[in-house]
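There are 2 protein chains.
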Amino acid sequence: MHALNGFADRVWTPQGWIADAQVRHGADGLEVAAAGAPPAGAERLGRWVLPGLANLHSHAFQRAMAGLAERQGNAEDSFWTWREVMYAFAGRIGPEALRAIAAQLYVEMLKAGYTRVCEFHYLHHRPDGTPYADPADMALALIEAARETGIGLTLLPTLYLTGGFDGRALGPRQVRFGHTVDAFLRLVERLRALESDRLNIGIALHSLRAVPADALAAVLASEPARQGPIHIHIAEQIGEVQDCLSLRGARPVDWLLDHAAVDARWCLVHATHLTDRETDRLAASGAVAGLCPTTEANLGDGLFPLKRYLAGGGAFGIGSDSHISVSPVEELRWLEYGQRLTAHRRNIAVAPEQPSTGERLFGRAWAGGLQAAGLSGAGRTHGDDLLVLDEDAPLLAGRDADHLLDTWLFAGNVPLVRHVHGGGRWLVRDFHHHDEDRIAAAYRSAVAALRAD
Amino acid sequence: MHALNGFADRVWTPQGWIADAQVRHGADGLEVAAAGAPPAGAERLGRWVLPGLANLHSHAFQRAMAGLAERQGNAEDSFWTWREVMYAFAGRIGPEALRAIAAQLYVEMLKAGYTRVCEFHYLHHRPDGTPYADPADMALALIEAARETGIGLTLLPTLYLTGGFDGRALGPRQVRFGHTVDAFLRLVERLRALESDRLNIGIALHSLRAVPADALAAVLASEPARQGPIHIHIAEQIGEVQDCLSLRGARPVDWLLDHAAVDARWCLVHATHLTDRETDRLAASGAVAGLCPTTEANLGDGLFPLKRYLAGGGAFGIGSDSHISVSPVEELRWLEYGQRLTAHRRNIAVAPEQPSTGERLFGRAWAGGLQAAGLSGAGRTHGDDLLVLDEDAPLLAGRDADHLLDTWLFAGNVPLVRHVHGGGRWLVRDFHHHDEDRIAAAYRSAVAALRAD
Numbered sequence: 112m113h114a115l116n117g118f119a120d121r122v123w124t125p126q127g128w129i130a131d132a133q134v135r136h137g138a139d140g141l142e143v144a145a146a147g148a149p150p151a152g153a154e155r156l157g158r159w160v161l162p163g164l165a166n167l168h169s170h171a172f173q174r175a176m177a178g179l180a181e182r183q184g185n186a187e188d189s190f191w192t193w194r195e196v197m198y199a200f201a202g203r204i205g206p207e208a209l210r211a212i213a214a215q216l217y218v219e220m221l222k223a224g225y226t227r228v229c230e231f232h233y234l235h236h237r238p239d240g241t242p243y244a245d246p247a248d249m250a251l252a253l254i255e256a257a258r259e260t261g262i263g264l265t266l267l268p269t270l271y272l273t274g275g276f277d278g279r280a281l282g283p284r285q286v287r288f289g290h291t292v293d294a295f296l297r298l299v300e301r302l303r304a305l306e307s308d309r310l311n312i313g314i315a316l317h318s319l320r321a322v323p324a325d326a327l328a329a330v331l332a333s334e335p336a337r338q339g340p341i342h343i344h345i346a347e348q349i350g351e352v353q354d355c356l357s358l359r360g361a362r363p364v365d366w367l368l369d370h371a372a373v374d375a376r377w378c379l380v381h382a383t384h385l386t387d388r389e390t391d392r393l394a395a396s397g398a399v400a401g402l403c404p405t406t407e408a409n410l411g412d413g414l415f416p417l418k419r420y421l422a423g424g425g426a427f428g429i430g431s432d433s434h435i436s437v438s439p440v441e442e443l444r445w446l447e448y449g450q451r452l453t454a455h456r457r458n459i460a461v462a463p464e465q466p467s468t469g470e471r472l473f474g475r476a477w478a479g480g481l482q483a484a485g486l487s488g489a490g491r492t493h494g495d496d497l498l499v500l501d502e503d504a505p506l507l508a509g510r511d512a513d514h515l516l517d518t519w520l521f522a523g524n525v526p527l528v529r530h531v532h533g534g535g536r537w538l539v540r541d542f543h544h545h546d547e548d549r550i551a552a553a554y555r556s557a558v559a560a561l562r563a564d
Numbered sequence: 112m113h114a115l116n117g118f119a120d121r122v123w124t125p126q127g128w129i130a131d132a133q134v135r136h137g138a139d140g141l142e143v144a145a146a147g148a149p150p151a152g153a154e155r156l157g158r159w160v161l162p163g164l165a166n167l168h169s170h171a172f173q174r175a176m177a178g179l180a181e182r183q184g185n186a187e188d189s190f191w192t193w194r195e196v197m198y199a200f201a202g203r204i205g206p207e208a209l210r211a212i213a214a215q216l217y218v219e220m221l222k223a224g225y226t227r228v229c230e231f232h233y234l235h236h237r238p239d240g241t242p243y244a245d246p247a248d249m250a251l252a253l254i255e256a257a258r259e260t261g262i263g264l265t266l267l268p269t270l271y272l273t274g275g276f277d278g279r280a281l282g283p284r285q286v287r288f289g290h291t292v293d294a295f296l297r298l299v300e301r302l303r304a305l306e307s308d309r310l311n312i313g314i315a316l317h318s319l320r321a322v323p324a325d326a327l328a329a330v331l332a333s334e335p336a337r338q339g340p341i342h343i344h345i346a347e348q349i350g351e352v353q354d355c356l357s358l359r360g361a362r363p364v365d366w367l368l369d370h371a372a373v374d375a376r377w378c379l380v381h382a383t384h385l386t387d388r389e390t391d392r393l394a395a396s397g398a399v400a401g402l403c404p405t406t407e408a409n410l411g412d413g414l415f416p417l418k419r420y421l422a423g424g425g426a427f428g429i430g431s432d433s434h435i436s437v438s439p440v441e442e443l444r445w446l447e448y449g450q451r452l453t454a455h456r457r458n459i460a461v462a463p464e465q466p467s468t469g470e471r472l473f474g475r476a477w478a479g480g481l482q483a484a485g486l487s488g489a490g491r492t493h494g495d496d497l498l499v500l501d502e503d504a505p506l507l508a509g510r511d512a513d514h515l516l517d518t519w520l521f522a523g524n525v526p527l528v529r530h531v532h533g534g535g536r537w538l539v540r541d542f543h544h545h546d547e548d549r550i551a552a553a554y555r556s557a558v559a560a561l562r563a564d
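Note that the protein sequences, when read in sequence, are chains D and Z. Residues 112 to 564 (my numbering) make up the first sequence, in order. Residues 112 to 564 (my numbering) make up the second sequence, in order.
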């Protein structure tokens, strides 16, 4: 790994902005210290330097269908009709297409400011449900896509057993997703052997409707579940909450908190429909709420109770999920705006000790993202990757550090991430990823083949 | 004016996409006709050509404060505390700064796909309320900014008389905005003399709280009000609705529809808080609802009843208003998403005859914007300006015409407007405005001077 030795006018840290700062890689990730003048041999990074963000929820293959489901399917168009389009699309994607789509997506993520992604990966088998020659082929395609782009990957092989809370078998278009618990745990162990600085392996449980109680208990008691992050989709849809209530006698988040030792290793993705009590319990658990505001808006899911959750000390991060949008700016901006629109108030995600909405949203999403990716333990407080904003952008003219994150997150529509350093090298320079042309060409071929099928 | 003679793979018109189309300027604006093969001498425009959009609501000076008000002002932060920040900021802007800020803004608008802007202009006088040497100096600054960037301008000098529904005098920071009715009408007539292909003059009434009933009647009966568009802020805030109810005995939209001959020349800006009856009456009036989703979200205003309004045949357009965002994509995307989030349904702005959400939103916003700008009469159905999207963008790979507007409006976060033709010339080529560097430098100087004051 190239040992970065840089100097910047202002570097954001969880403790605040540091002026005239030296930035180096150390054992705990980026080390930032006030230096006064540029140290000998230090590379000038720029005026505004931020740590890279983790995108805590991704289904990479869905990137290729962005824009294809914004037509009315029937009179009562909802999440469930969107899912039909998604299944039809997913049914045609093999390892080669997945790799090409994911690589294009990861380039877009890096250019937007995400330097790590958590892949909630359930597209395991051939369309007819039989395993590929190597049952890890689809997972390996994601690993390869991450490697060729330089993004850090937290891969979460996903357990998907049943088609509903009633325990029904998977439907014909879901058989690609399924595993026995044993085969699933073998896949996790197989992938763990590949872990590196830029790759770690966690576990995902698709949802309570796809994982019966006994299977949940078996996985959580297994050896592979003793380390790494654990993610689960939960309480995204009102219908799902109603089914859980009628078939398990409790709402999804209450049920999970009652049946699993949910702690800081967990990420509950969406968690949209919560009672006040569930909101408080989730906040107190130490788990990360995995919020995906653009996808949740696109799907008409609803709004997370952010104000109460933050008041309870809850951790959250953001994910681009379906990749209808790929931008931490849009996720955080509209996470806040959704709250404002319903509360008829401004500046919701603030606290007396942190009056800047942008600063608080960024700080929380950064910390929650690292936690959900399994990277915040053992003194690693800064992460390894950094972003340099475009100091020449007219949008940032006249902005001081107090207003920098407010301006980046709330103002304008032009990408402001100019350079991205990750995994010990510059991945993006002057808005261009070093391999973006080749990757875009491969993506175009893959999409053309999918559309022609 | 340069007579465009172009050829494109697909051109959007209100009647649908036209393939292999010739595009020329005629007496009624752009003329688009299927041509089969490229006509002799025709310039290739690109794969996807759209008409330019009108941005129907702008307070240009506010662009320079984007990002400065996203900090908590007090425990109950709202529109009214935002307004305090805005007043303090407005108090320092003179004609030279206004011109520099507006020019930067108009470059950003052109690059985002707006080729016309309606300026709701109330920053008329010196900070102490005395007129400038020429009382039109601030209006002329906006005209000059539009001219140097090439954007079309619909200038709406704004009548602002009182500080509230109770008829109180303007406060010390509002005296810049005020006019007698006579002085206001003189300003309108003065500016009318400057009208051209790229400049027309309408009238704005700031709001019901700033224009008493007798003044409203006097202006509407005057000679200058017999032509051109008429805009008014209305029903943006719940407090404003309550004040109107208690002091005028009716809700704002009901009151206006009862006291003015509201028709297709009118644009009611915001119109956020409507009863079902007001929604239906407004839709039936033929007026345009001037929706500003990003500003309305930033200010915590609330959500417009889009579904019912469209069902009633209502016209709407979009405006970037405070310019916290400058993008028709973000306005239309989140106009739709706000509806989805509260209805828990997808694809709200569709109709049986037009199942594409993006197509319907674009078509309505395009037509409503032209109407609000006073450009849709006398057979002018296409407008004069056009946009060419980036055919090389990976986001558009594999997208056919049926999904093109859905993809542009809903997917991704990278600007896709590559070229812009307006007023008979190319204003933006390959994402760059022909004069953007000089304009950005002038903007930076203006902001630095404002911040240093």
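Incorrect hints may have been included.
Going by beta-carbon spacing under 10 Å, a handful of chain Z positions derived as facing chain D [as the list claims (entries may be wrong)]: (1) PRO242; (2) ALA512; (3) LEU516; (4) TRP519; (5) TYR554; (6) LEU561.
Hints were generated in silico from the structure; no laboratory data involved. Glycine residues also receive a C-beta, built at the ideal position from the N, C-alpha and C atoms.
The hints, checked one at a time:
1. Look at PRO242 of chain Z: its Cβ only gets to about 29 Å from chain D, farther than 10 Å, so that hint breaks.
2. The criterion of a C-beta within 10 Å of any C-beta in chain D is not met by ALA512 of chain Z, whose closest approach is roughly 12 Å, and the hint is violated.
3. Using the Cβ-Cβ criterion of 10 Å, the hint placing LEU516 of chain Z at the interface with chain D is satisfied: the shortest such distance is roughly 9 Å.
4. With a cut of 10 Å, the hint placing TRP519 of chain Z at the interface with chain D holds, because the nearest CB-to-CB distance is about 8 Å.
5. Hint status for TYR554 of chain Z: holds, given a least beta-carbon distance of 6 Å to chain D, under 10 Å.
6. With a least beta-carbon distance of about 7 Å to chain D, the hint placing LEU561 of chain Z at the interface is held under the 10 Å criterion.
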